[in-house]
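Engineer: Read top to bottom, the protein sequences are chains U and P.
Each residue of the first sequence is one higher than the one before, starting from 1 at the first, in the UniProt record's numbering.
Each residue of the second sequence is one higher than the one before, starting from 1 at the first, in the UniProt record's numbering.
Keep in mind that the hints were calculated from the coordinates and are not lab data.
Any given hint might turn out to be false.
Stated by the list, open to error - Not everything, but these chain U residues come out facing chain P in the computed CB check (under 7 Å):
| id | residue |
| --- | --- |
| 1 | L167 |
| 2 | L223 |
| 3 | V390 |
| 4 | G430 |
Stated by the list, open to error - Where chain P lies over chain U, by a calculated footprint (3+ residues, C-beta under 8 Å):
| id | stretch |
| --- | --- |
| 5 | 96–103 |
| 6 | 251–265 |
| 7 | 369–377 |
In this text the structure is predicted, and so the values were computed from the model without any measurement.
Even for Gly, the Cβ is constructed at its ideal location relative to N, Cα and C.
Here is how the chains run, residue by residue.
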Amino acid sequence: MDLLDNLALGFSTALLIQNVVYCFVGVLLGTAVGVLPGIGPTATVAMLLPITFNFEPVTALIMLAGIYYGAQYGGSTTAILINLPGESSAAVTALDGHEMARRGRAGAALAAAAVGSFIAGTVATVVLAVAAPPLARVALQFGPAEYFSLVFLGLIVSISLARGSALKALAMIALGVLLGTVGQDIYTGTPRFTLDQRELFGGIDFVSVAVGMFGVAEILRNLENEHARTAVAGRVRNLWPTREDRRRIIGPILRGTGLGAALGVLPGGGHVLASFTSYAVEKRVSKRREEFGHGAIEGVAGPESANNAAAQTSFIPLLTLGLPAHPVMALMVGAFIVHGITPGPNVITDEPALFWGLIASMWIGNVLLVLLNLPLIGIWVRMLRIPYQVLFPMIILFAAIGTYSLGFNAFDVYAIVFFGLLGYVLIKCGCEPAPLLLGFVLGPLTEENLRRALIISRGDATVFLTRPISAVLLVLAVAALIIAALPAIRRRREVVFTEED
Amino acid sequence: MKRSRSFPDVLAGGIFVLIGGAFAAGSLGYELGTPLRMGPGAFPLLVGLIVAALGLAIVIKGLVAGELIEFGPIPWRAVAAITAALVFFGLTVRGLGFVPASAVTVLLTTLASTRVRPLMAVAVTAGLTAAATVIFVVGLRLRIPLIGPWLGM
Numbered sequence: 001m002d003l004l005d006n007l008a009l010g011f012s013t014a015l016l017i018q019n020v021v022y023c024f025v026g027v028l029l030g031t032a033v034g035v036l037p038g039i040g041p042t043a044t045v046a047m048l049l050p051i052t053f054n055f056e057p058v059t060a061l062i063m064l065a066g067i068y069y070g071a072q073y074g075g076s077t078t079a080i081l082i083n084l085p086g087e088s089s090a091a092v093t094a095l096d097g098h099e100m101a102r103r104g105r106a107g108a109a110l111a112a113a114a115v116g117s118f119i120a121g122t123v124a125t126v127v128l129a130v131a132a133p134p135l136a137r138v139a140l141q142f143g144p145a146e147y148f149s150l151v152f153l154g155l156i157v158s159i160s161l162a163r164g165s166a167l168k169a170l171a172m173i174a175l176g177v178l179l180g181t182v183g184q185d186i187y188t189g190t191p192r193f194t195l196d197q198r199e200l201f202g203g204i205d206f207v208s209v210a211v212g213m214f215g216v217a218e219i220l221r222n223l224e225n226e227h228a229r230t231a232v233a234g235r236v237r238n239l240w241p242t243r244e245d246r247r248r249i250i251g252p253i254l255r256g257t258g259l260g261a262a263l264g265v266l267p268g269g270g271h272v273l274a275s276f277t278s279y280a281v282e283k284r285v286s287k288r289r290e291e292f293g294h295g296a297i298e299g300v301a302g303p304e305s306a307n308n309a310a311a312q313t314s315f316i317p318l319l320t321l322g323l324p325a326h327p328v329m330a331l332m333v334g335a336f337i338v339h340g341i342t343p344g345p346n347v348i349t350d351e352p353a354l355f356w357g358l359i360a361s362m363w364i365g366n367v368l369l370v371l372l373n374l375p376l377i378g379i380w381v382r383m384l385r386i387p388y389q390v391l392f393p394m395i396i397l398f399a400a401i402g403t404y405s406l407g408f409n410a411f412d413v414y415a416i417v418f419f420g421l422l423g424y425v426l427i428k429c430g431c432e433p434a435p436l437l438l439g440f441v442l443g444p445l446t447e448e449n450l451r452r453a454l455i456i457s458r459g460d461a462t463v464f465l466t467r468p469i470s471a472v473l474l475v476l477a478v479a480a481l482i483i484a485a486l487p488a489i490r491r492r493r494e495v496v497f498t499e500e501d
Numbered sequence: 001m002k003r004s005r006s007f008p009d010v011l012a013g014g015i016f017v018l019i020g021g022a023f024a025a026g027s028l029g030y031e032l033g034t035p036l037r038m039g040p041g042a043f044p045l046l047v048g049l050i051v052a053a054l055g056l057a058i059v060i061k062g063l064v065a066g067e068l069i070e071f072g073p074i075p076w077r078a079v080a081a082i083t084a085a086l087v088f089f090g091l092t093v094r095g096l097g098f099v100p101a102s103a104v105t106v107l108l109t110t111l112a113s114t115r116v117r118p119l120m121a122v123a124v125t126a127g128l129t130a131a132a133t134v135i136f137v138v139g140l141r142l143r144i145p146l147i148g149p150w151l152g153m
C-alpha cells in the first residue's frame, strides 16, 4: 500500500534521533513561551522562528511544528488557569475552562484539553496523510488563473480571522498585500518603493512584520496600564478526570475532532471557526445546557479537540497548494522559503522524506505533548508567575537578536520598530493584525499569478471567469465578501464572540 | 452596540488613505504597462487605490456611524524606550559586539516600565544578557563577535 510505504518513510525520517530531540525541544519551548500570558501561538512561533533557521530543513520544520503544538497547548493552559487567552480560538476554552479552575477543577480541565488534543491530533494526522496526496495531484493541474482565484479566495476568507468590523479587516488585508509589493519586481527587476535603500531590494522581511505587529505592539498594549495581574489559580491537584468526566468528554472530543478536521482545511481562520462551532454544538446537544459558562467539561474538551484537529488539517492547504490557512501557516511558508523550498504541490514529489517526515512528526509531537504536559504542569503553572518586568525585556531582546541573525541586516531590526508602532496604533483603532500578515504573505503570490495568467491569456481578463475552477473560486470569494458585509450575519458573529462573556 | 462618531475609526481610515495614497502615487513613477504585460507599477497602483478607498470608507463610516472603541492612554515612555532600545541594537550590534549591545538594549527596554526599580533593571540586564549569550552564541553558534571592533578588540 502506498500510504503505508509513505508513512514508513515518514516515521523513519521523523524517528531519526536528532529529529525526535528537536521535536521535543520545539514542543518544550513552544509550551514554555506559549504559556506566558498575552502571547498567543502566532507570537510564539514568530519569536522562536529564527532559532530553527540554523538546522537542516527537515529538522527545522519538524521543530517548528513542535513549537506550534506546544504553543497551542501552552495557550490553552493560560486560558484555563488565568483566563488570559492568547488568541481568539483559546478564548472559547477560557469560557468554561477558567470556570472549572475557579471551582478547583483546573486539573480535570487541563487533562480534558490534553486528552482531547491528543485524540484529535491523531485522527487529523491520518486525515492529512490520506487527503494530501490526491489534493496535491489536483493542484498540479492548476494554472495561474486558478491560483490567482484561490489566493484571492484565501485573502477574502481571512476576514474571519478578525473580530469586529469586516471593513477594517478587509483594509488590513489589502494593506498587507500592498506592503508585500516592496522590493524588486519579479518580472522586470525594477526596485519598487525601496527609497534607494539597498537593504529593501529583497523586500520587507516578514519576520520583522510578524514580530513587530504581534510582539512589540502587544507589549505596548500591556504597558498601557500596569496594574497587578490576575492572581494565578492555586495549586493544580487531581489531574486525572473522574469516571463521570471521562464519560462526559468522549462525545465532545469526537464531534470536535470531526468539525475541526473539516473546518481546518478552509483558508483563513478555520481553527477559530472550529472552536466556536464546536462550543455552540456542544451547548446545543448537551442535556446540561445550564452548566455551560459555569464550568462544563464538555465546553473545554470539544473546542480544544476542534482547535487541535483544525491546527493539523490546516497543513493540508499549505502542503498541497502552498496556501497558508492562518498566520502561523504564513510563518511556516516563510520558514520553507528560507530553506529554499517553495511550499506547494511539488513538495510531495520533490521532497518526499520532508513531506512524510513532517506528517509523522506531527503525530510524534502530539505524543510528546501529552507525555510532557501532564507531568510538567506544575512547572508551567510556575511560569505564569514570571513578572512582566522580566518578560517584556526578554521578548524585545530575543526579537532583536533573532531578526538580526536572519540576514545580519540592521534594517530588519528597524523594521520591527516601524511595524510595532504601526501595528500598535492600528490595533488601538480596532484593526486586528492577523489579516495583514496573511495579506503580506499572499500578496506576492497574488501579483505573480495575476500577471502570469494575463500574459498567458494575451491580456484577456475574462480568463478568470471562463476557466471553470477559477470561476467557482471567484464566486465563492464574492459570496464570502457578501456574507462578511451583511449586517445581519455580522451581528450574529458578534453574538458568537460575546456570548457567555 | 452603540454607534456614533468615532475617533479611532477616523484615525485608522486616515492611516489607510495615507499609506494607500502614498503607494499609489509612488507607483505612477514606475512603468504601468498594458494588461497583456503589466509593468511593475500596475499592481501596486491598483492595490494602493483599493487601500485608500477602503480607508476613505472607514473614515466616512467613522464620522456617521463608527464603532465605539475605547482608545485608551498611550504609554509614551514605553514607546520611546522600546524604540530607542531596538534602534540602538541595530546601530551598534556590529560595532560594539553582541554582549555590550544586548546589555544596553535590555537596560533601555526596562525603562519602558514605570514599575522597574534600578536594582531590578540591573539584575534583569545581567541575567538576560547572559542567557542570550548562552542561547544564541554558544548554543546556536550565531556568528556575531562577543565584543566588537569599536571597543578595540
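Engineer: Taking each numbered hint in turn, which are not upheld by the structure, reported in ascending numerical order?
Structural biologist: Structure breaks hints 5, 6 and 7.
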